[in-house]
Amino acid sequence: MKRVAVIVFPGSNCDAETLAAARAAGSDGYFVWHRDTDLRQADVVILPGGFSYGDYLRSGAIARFSNIMGAVTGHARAGGAVLGICNGFQILCEAGLLPGGLMRNARLRFLSRPVWVRVEQTDTPFTCLYEKGEVLEIPAAHGDGRYVVDARTAAELEATDRVVWRYVRDNPNGSVNEIAGVTNAGRNVVGIMPHPERRDAPALGGQDGARVFHSMEARHATQHAADVRAVDDRHLRV
Amino acid sequence: MGKHLVLELKAASRDEALARARVMCDRLLANPVTEDYDLAVDGGAAR
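First to last, the sequence lines map onto chains A and B.
Position one of the first sequence corresponds to residue 1 (the numbering used here), numbered consecutively onward.
Position one of the second sequence corresponds to residue 1001 (the numbering used here), numbered consecutively onward.
Treat the hints as calculated values from the structure; they're not laboratory data.
From a predicted model like this one, the values you see are computed outputs, not experimental measurements.
By construction, the Cβ of each residue, glycine as well, lies at the ideal position given by its N, Cα and C atoms.
Don't take every hint at face value.
Stated by the list, open to error - Taking beta-carbon pairs under 10 Å as the criterion, some of the chain A residues facing chain B (in silico):
(1) Leu57
(2) Ala61
(3) Ile62
(4) Phe65
(5) Cys93
(6) Glu94
(7) Pro99
(8) Gly100
(9) Ala106
(10) Arg107
(11) Pro114
(12) Leu129
(13) Val148
(14) Val149
(15) Asp150
(16) Thr153
Work out the full structure, taking the sequences as your base and the hints as a guide.
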């Protein structure tokens, strides 16, 4: 069972669903207030969606100066798993933990509808239970969702397989290369614009997002299984 | 295009005001990933 800290900023509004999704996947989830400085031995940190600090100046620009972000940055730099969803993704970009930035949607309007994303990478803590190429239907709800990076960084992200999810069918917000989610060079920090926590049970219209949270637990199991295999030569050759 | 921000601050010299404003821009007011900025010091005793 992983300890999952869901950070609550003033203006977060997806914190409860995110915590529920983590707990439904078997995690020991709990809230951490933005003024705290201690993640309480978290294995995984999730920055949920919402409108932290009213999105003043730029989405995520003020939240990244919150007390707790020092600990989040330390956790990330030490290789700990961090997931940012929607506003959480924006905060991770503002904090410099993920490349790029998120700007006003190309159509200038708030977007609130399901989008379709293809899973491009399955070697992150949040996608290891998906198959490469799977297409997921997940709700999006954002005004500033257009992922932007310079051409050189975009090429680097592609060359190093760091685009984790990509919009298919249409590009709902004008993101560069249809990017819906990315990871850092260490592949432990992940950001996604649509909301997997809003699609994790049949009662919510589907469960395409559930494995984002189950992956956090499964990765632990997989690592443990690998340790066991390493003890036994015969299994190593399989 | 973008934003136009006016800040008032007390500084001993024009250079100090400019340096402080530049730090504010780099750290918070502009996101260098998505934005460029121009900076000018105006008014007060700095003139």
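Do the hints match the structure? See the list:
1. Below 10 Å, beta-carbon pairs count as interface contacts, and Leu57(A) has one with chain B at about 7 Å; its hint therefore holds.
2. Hint on Ala61(A) holds. Least Cβ distance to chain B is approximately 6 Å, under the 10 Å limit.
3. A distance limit of 10 Å between C-beta atoms decides the matter here; for Ile62(A) the minimum to chain B is near 8 Å, and the interface restraint holds.
4. The interface hint given for Phe65(A) holds, since its Cβ lies 7 Å from the closest Cβ of chain B, which is under the 10 Å cut-off.
5. Because the smallest distance between the Cβ of Cys93(A) and any Cβ of chain B comes to about 7 Å, under 10 Å, the interface hint for this residue holds.
6. The beta carbon of Glu94(A) is positioned within 10 Å of a beta carbon in chain B (closest approach about 7 Å), and the interface hint is therefore held.
7. The interface hint given for Pro99(A) holds, since its Cβ lies 8 Å from the closest Cβ of chain B, which is under the 10 Å cut-off.
8. Residue-level restraint check for Gly100(A) holds (minimum Cβ-Cβ distance to chain B is 6 Å; threshold 10 Å).
9. The beta carbon of Ala106(A) comes no nearer than 14 Å to any beta carbon in chain B, farther than 10 Å, and the hint placing it at the interface is violated.
10. Here the hint on Arg107(A) is broken, as its CB sits about 18 Å from the closest CB of chain B, past 10 Å.
11. Taking 10 Å as the C-beta contact cut-off toward chain B, the hint placing Pro114(A) at the interface is violated, the least distance being around 27 Å.
12. Taking 10 Å as the C-beta cut-off, the interface hint given for Leu129(A) is violated, the closest approach to chain B being about 31 Å.
13. Annotation: Val148(A) was flagged as interfacial toward chain B, and the flag holds, the nearest CB pair being 5 Å apart, inside 10 Å.
14. Interface restraint check: Val149(A) against chain B, minimum CB-CB distance 7 Å, threshold 10 Å, status holds.
15. The interface hint given for Asp150(A) is met, as the beta carbon of that residue sits about 8 Å from the closest beta carbon of chain B, less than 10 Å.
16. For Thr153(A), the interface hint holds, since its Cβ comes within 10 Å of a Cβ in chain B; the closest pair sits about 9 Å apart.
Hint violations for this structure: numbers 9, 10, 11 and 12, all remaining hints satisfied.
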